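**Q** Sequence:
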Amino acid sequence: IAGNLPQAHARFARSLKVCKDAEDKRGAAIALWRLGKSDLAGHDLEPARERLGVALRALREFEMNAETLDCLEDYARFLLVDGRVEDAVRLASSAAAVRDALALPRSSRAEADAPLDLKSARASIGDEEFDRAWAAGRHWSLGEAIDSALASTVDAAIAA
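Counting the sequence shown from 1 gives a position; this note's numbering is that position plus 629.
Every clue listed holds true.
Just the calculated beta-carbon pair ranges, DEER-fashion:
1) Ser737 x Phe691: 12 to 22 Å
2) Leu634 x Arg686: 23 to 33 Å
3) Asp756 x Arg640: 33 to 43 Å
4) Ala695 x His672: 25 to 35 Å
5) Asp760 x Ser736: 20 to 30 Å
6) His672 x Leu733: 23 to 33 Å
Source of the hints: derived by calculation from the structure; they are not laboratory data.
Source: prediction; values computed, not measured.
C-beta atoms are modelled at their ideal positions from N, C-alpha and C, and glycine is treated no differently.
Use the sequences and the hints to build the structure in full.
**A** Okay, here's the thing in structure tokens:
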């Protein structure tokens, strides 16, 4: 994505169309996730929120745990960019805890991505709030983390 964002976005859109035409719902979920990730990279937040949210639901439904965790981390990045730092920290913490519990290391593709900037998140909200958010997220199941992520953005949209 980082090399040529418009080209990456076009390829993910084409991949989504191919998957939908082939009725490949798992492939479509991955393509939608990648589109959301490219939206986020381009700071196009509303499409990123929508696509990442739909992808999270689909990946969870298909029990694609590794991909779901990667997408959840991208959703945490979305929340951070959107100024929702505590929500982002809780999601990052939950993803880390679920990875540990399931013994699912980050994929090589996810490792290549820039990690969530936890230092700036800590500086933004302070040590006490950061630690509280991190501790809360560590106790969530994957389903609870996804539900919280999706609910937090719905709540923010209603408040706006």
